[in-house]
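Using the hints provided, position chain F relative to the given structure of chain C.
Residue numbers (our numbering), protein chains in the order written: chain C, 97 to 224; chain F, 69 to 264.
Hints in this document: simulated from the structure, not taken from any laboratory. Built from N, CA and C at the ideal position, the CB exists for glycine as well. There may be inaccurate statements among the hints.
Short derived list, chain C residues pointing at chain F, Cβ under 7 Å [said to hold, decoys possible]:
id	residue
1	V139
2	V200
3	L221
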Amino acid sequence: MTVPPGGTWRRRGSGPVVRPYAVTGGRTEPADGEVLDLVAIVVATGQSVDADDRMRLTPEHRRILTVCRNQVTVADLGADLGLPVGVIRVLLADLIAQGAIAVVPKRPAGERSGQDVLQEILNGLRAL
Amino acid sequence: MGSAHSDAVTAVFSAHKILIAGGFGSGKTTLVGAISEVRPLRTEEALTTASIGFDDLTGVGGKTTTTVALDFGRITLGQNVSLYLFGLPGQERFSFMWDELAYGALGAVVLADVRRLGDCFPSVNYFEARRLPFVVAINCFDGAPRYEAEEVRAALDLASDVPVVLCDARNLASVKQVLITLVRAISVARARSSRT
Chain C
97 MTVPPGGTWR RRGSGPVVRP YAVTGGRTEP ADGEVLDLVA IVVATGQSVD
147 ADDRMRLTPE HRRILTVCRN QVTVADLGAD LGLPVGVIRV LLADLIAQGA
197 IAVVPKRPAG ERSGQDVLQE ILNGLRAL
Chain F
69 MGSAHSDAVT AVFSAHKILI AGGFGSGKTT LVGAISEVRP LRTEEALTTA
119 SIGFDDLTGV GGKTTTTVAL DFGRITLGQN VSLYLFGLPG QERFSFMWDE
169 LAYGALGAVV LADVRRLGDC FPSVNYFEAR RLPFVVAINC FDGAPRYEAE
219 EVRAALDLAS DVPVVLCDAR NLASVKQVLI TLVRAISVAR ARSSRT
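For reference, chain C alone in the conformation it holds in the complex (with noise of 0.2 Å):
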C-alpha cells in the first residue's frame, strides 16, 4: 500500500484509514510496560539511532523525533501527530528503548516545592 503523494490515508471526518494499531505492528502495550503520564515531558536525546534501529523506523517513529527537537508533553504529541496516546506511547517506548528519546524528570534538582509551584500556578492564573 502506498500512500498517495502528498497525502495521507484520510477519509474526510473519519480519521485515518489505517488502523491504530497498524502504525505499532499490532502492539498495545509500550515495551518496556511503563505508562508514560500524560503530562510526562519527552524530548530527543539527539543520540544517533544504530544502523539495525533506524531500518526499523517507522514514519511516525520519525514525526515524533522531528517533534520531539523541542520538550513536549505526551498529550501534546498525541494532539500533534493525530495518533492515539497509545500508540504514541508504543512508539515512545521503541524509541527511548533505543535512546534516540528521553523522559525528562518531573522534579529537576532544586525545584521549587509543591507550594511554590502552586503559588506560580496562582500568580499565572491572575495575570491571565
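For chain F alone, kept in the frame of chain C given last:
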C-alpha cells in the same frame, strides 16, 4: 536498560494536570475552550463488558481496546509552567478511564447543571474517594433556575472544605475564578495533609 528517565536533561517547563468533570452536556468542553485552545486527543481504552453491544467485535477476536475521544487544553502560565485541563469523559461507560487521567492530577473541577444535579454525583463520589481536591462549579445556563451555592452544597452533601462557586463556562474571567478557587483549595488541602 534500566530507566527511561535520563539525568542528562532537565525540564524547561513543568506540566500540571487539572481534570474537568461533570455530566454529559454540563459544559466541560466549553469551559476548557473559554480559557485555552481545545485540542482533541484520541485514547484507546480497555474494552469492558460495558462496551458489549456498542463496539462491534466481529472478526477482531483479539481486540481489547476501543477508541475514546478526549478534549484537553493547555494554558501557559509565565515562562515555564503549563496547566493542562483534561475533560473527563462523562458517561458511565467511560468511567474506567478516570484512574489513569486522575493519576498525578493536582485537582478537579466538577461542573454541575442544577437541572440535572444528579449527573455530577459520580464525579463527586469519585474525587471524594480518591481524596483529590475539587471544587463544584455550577454552570449558570441561560434559563436554568438559580440556586445559591449553599443550597447546592446541601443537595450534594459536600464537605465544608469543598468550595462551591457559580460560573459561566463560556466566560474567561469566570473560568479563571473557578481555577483560582481550585488552586487555593489544593493549597489548603496540601498544607493540612502535611501537618497531619
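Hint check:
{"no.": "1", "hint": "V139", "result": "holds (6 Å)"}
{"no.": "2", "hint": "V200", "result": "holds (5 Å)"}
{"no.": "3", "hint": "L221", "result": "holds (5 Å)"}
Violation of the numbered hints given earlier is absent; every hint is satisfied by the structure.
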